[in-house]
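Reassemble the complex: the two chains are provided individually, in unrelated frames, and hints are given to aid placement.
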Amino acid sequence: MNSDSSPNREWLIDIKDLHVTFSQDDKTVNAVNGVDIRVHKGEAVGIVGESGCGKTVTSYSLLNILPLNGRIVSGEVRYRGGNGSIIDITKLNPRSREMRKLRGGEIAMIFQEPMASFSPVHTIKDQIAEGILLHQPPKDKKVREKIIEYLGMVGISNPERAIDAYPFQLSGGMRQRAMIAMALACNPKVLVADEPTTALDVTIQAQVLMLIKEMQQELGLALVLITHDLGIIAHMADFVYVMYLGRVVEKGPVATIFDSPKHPYTRDLIRSIPKLDRPEKRLATIQGNVPDASRLPSGCAFHPRCREIIGEICRQTEPVLEEVEADHFAACFLHSPKREIEPGTGESEIVQQPQ
Amino acid sequence: MSNNHNESILDVRHLKKYFPIEKGFLRRVSGYVRAVDDVCFSVQKGQTMGLVGESGCGKTTTAWTILRLHEATAGEIFFKTGNSEIVDMAAVEKVRLKEIRRYMGVVFQDPYASLNPRKTVLDIVADPLLNYGVKRDEREARVTELLTMVGLDPSFMPRYPHAFSGGQRQRIGIARALALSPSLVIADEPVSALDVSVQAQILNLLSDLRDELGLSYLFIAHDLSVIQHICDRVAVMYMGSIVEEADTEELFSQPMHPYTTSLMAALPVPDPHKPWSPELSGEVGKPSEKGSGCVFAHRCPYAAQICHDETPSLETKTTDTKDSHLVACHFADELDIDA
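Sequences listed follow chains R and A, in order.
In case it helps, the numbering used here puts the first sequence at residues 1 to 355.
In case it helps, the numbering used here puts the second sequence at residues 1 to 339.
There may be inaccurate statements among the hints.
What the hints assert, rightly or not - Here are the simulated lysine-lysine pairs, DSS-like style, with alpha carbons at most 30 Å apart:
(1) R/K281 to A/K45
(2) R/K275 to A/K317
(3) A/K286 to R/K213
None of these hints come from the bench; they were simulated from the model.
The following block holds chain A by itself, in its conformation from the complex (with noise of 0.2 Å):
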């Protein structure tokens, strides 16, 4: 599965997470919603990998429960933390919970959301550290260390959150990420709340910290150009599974499942004299009412019988490039979607 020529930091295997749906009274589960359904990726060292698809898709209920926010179903998460012990982190007694996720970092989608308005900038970035007992002195230290890092003036510690704007205070989020130097950041779509000029000093931020700290991204979107400028590799997802895995590059040129071709022509170019054909009809469907089958089958223009039948593996396509480029579609080396 990984690139054995590459160190992984995280390693997701066969990954679910199922919500149960209570009914009545008596709470009796009826039926569950199948948010992560055997989901398998890895993030290699200091590379990004992407997770795009469109709400609902399970990308962020992924990132929970590699936090361990939520209790995985099944399947296992092999984290390297700081001092290179691995980790399941599915399976990790909680006692050692605190101590583990001091190399995963977060970063938030909503600035305004994320920050506590009642703390100043110092108690928001220097939260974590007091948390894992840094002394007073040291903490200003850091924070200051840390404000500078993602362009901030050390001076504005004191002030508010409500002082800064949401380009701002997404930087004082990236700051507070990294207080505790992780080796892992997961980013829940750090950058879609923010006007599209604030968008990019962040993306550029982002993989500046990524260079000169050596840290890995575990990076959430929707937006196709935002994964498309910052990621190694992305996984696109839809309704809880992984569709298409690929090396960036290889992926926005030679997407293989119909699914990813439809979000790329559904994005719109913003350029009047490029043509903009979205096809795709219908809507995302319910994770509740997953069937046998492929997920994406019932919007499909190609969908044949099996597709409805047999749930399709994500499997290694042939391809030019050394490095795998997964699909999960029965027809992927038939159909020639990209023309």
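Okay, chain R solo, but in the shape it has when bound (with noise of 0.2 Å):
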């Protein structure tokens, strides 16, 4: 691996084979089915998927912050602490000191609707103290000001009426910077944002994104950024995993995933979308709907949509993840070398698959 052998790329999250499920009602649906994500310092991580891929499940196991129903049956999330020692955060207990100052301290989340994560009946100041006075109680300064220059930094006009305004009294991009001040003001190494601007109008959208990413080069903050918007992804990432029913189908530096995608999952992701640029008279679709996460499909988990499927071989045998490129990994039958070496499991049955 291309990002292991390099040593001055020092990861500081590292998620191995994570497995989570959630039981619902009797049935059990599998969620996120062993995910490899590694984040460095510095670097700004994509995720992108279809709503149902595992990819908001994936960020909450980085703060073990899952549902009550939700448990990670196996696989690890280490994060490297400053002083190097390495945590597995999935055997910390949720409700653990560690894990309590982990998460906001080292960690922090920016999440998707501000307006339904900040509580309605404290005001601004008050939920980002909390925070503060947790992880950092501050000696010089007084808290207040703090987070009054924290509000100044992430761009709220009159910082020092909004700090002691309620959530509903400030617009939605007002409280999105808001949530992003909370996030940083615990200094934290990693920023977590999902969706953070699925909920606001395009032109605040972009001067969020904007935000987040002048706080994230500023600062130096590895981010995690999840979304299913590939425009987004293609200006905010530098790295980028693209997940489909809770795996990793494809992975990649964001200029490769979008000049060369290997899996036609990803291809048809980028086809299917409207183009400013390129006007299309008819959209490129990807056939069928994503399936129910409680009953996979067997083999690829995209196999009956996709439209590149060799045969046998790809209803059968689940793909891994290899190099196709440089950095670059596709779980596809299509670029594995085992696809030659299997005789009976591939070619001859392609005359049989009904289109």
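Rendered as structure tokens:
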């Protein structure tokens, strides 16, 4: 692996073979099925996929904030602390002191819906102060001044007034800025942003994304950005993970993913967005719908929708991520050397494939 | 206003919708939210007219007023019904609404909220038919036809909405909108709740249905790339007013209003090699605090004194194309903003 060999790129977060399930009524939903994600210092990692692909669950596992019916079945989420110690987050009790220290203090999160993720009955000051007092009670400066400083930093006009406001008194864009201020207030190393702008208008979305990018670069943060919007990924991420039904199907540097996508899912996803600069009369589509995560297809999870299906091998064997070019991995038999090795499982089946 | 060489199915003239702001115990009216403020546009037969803008710009209120779900404060809404009668939706007697509304289909934004979870697909799609007295066996035959038309298996009829994915639900919603063979379909953000791969399917379906059935659409969206893909003509709205209106190709190749260009610049293009430089600062203003002058003046980088004092009217600007390109900007002829 390329990223492994370069010693100057030290990882901060290393997710290994993560499996997360949810119990719903009496069935089990496999939300995340063996995901490996690595986040380096100062890097912006983008996780992209459609609803139900497990991107949000993956991010919740990072902070150990899975809902009560969710369970990390196996795998590791390792975090490298400031003193070089390596902590496996999955082994920590979500309510333990160590986990609470990491959460917010080292790894901070920006949620999708700022109205739903702030408490409506506390002022902005009280909510930001809670984190600061827990993680870094200031010695010299008063908490209030520190909060005003952060609110100003994220571009809230008149922070002296906004600090005493309740969340409902702020507009959507300002609320999301306050959320960013709250996330940054404890000097985290990693910022996790789960669809941070989905609830915002385009012009406000642009402002908030620019702010996140600016803060990330200025403070040297590692960013984990989760979104369904390929346009945002293209401009915000350095390294991209494409997820489908709880698995990473492709990963690589952002330019490579957009220039030469290898997995049929990534290719179709990119082709199916209407583009401002290249208007087409008819959009390319991906046939069918994202299947229910409680009834995962056998073999490659994408095979029922795949236009480039090879044959029986896709239906029976689950492909693994393999390097197709430097630093660029895809989980597809189209690019796998194994395809040639296993006789009788591939090519002859194509004719029988109903289209 | 409208292109004379074409036949317009909907002609909205100087439409206003003000909502009163009530204060105090006596609920005295202290002001008005001017949600739709002097809006004019028309929808041509067989074409798709797009309304685009950010939340609160009045695009949904416009649609609701056209459907007479809101009473218009002022203005006319001329709608040509299926039997070629022209009625003013803003003034027509209430008893006639049912008979007229059958020619208008509506597709809603959220396919999860707009389908009754206690009704089967058959009941949902057949509901408009029931409303207009279609007999039982004819209803079933029509629903079969409709479901096939929108790409669903008619055997889904006895199922409930929860069994369907977002895209399939939106197909059910479209089938319901088409049940009475409307001539105008009002689609309010029909794809914004859907995943990208499914969004493309629904957009293609809507275009196909328009061509097959000769429908006309009023298509409301906030996403410019979706608008560009499906619309023939586009009106850009900001704080209750149309600031620019032109044919799609013209609008996207030669935008003239500073708001239109900011909106385009704000959209991240899915290509990491293309520069992305959104510039617009500030937030959408409140329609209740609208003063004199251009609605966009408080955010406009080119605003001069005149912009704060005088409201620019929506006027035809000189362009190379024959179809009209309307802009409401004092400096539309001088600004070279697409460069």
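Original post:
Broken hints, numbered, in rising order?
Top reply: Checked against the structure, no hint fails, so every one of them is satisfied.
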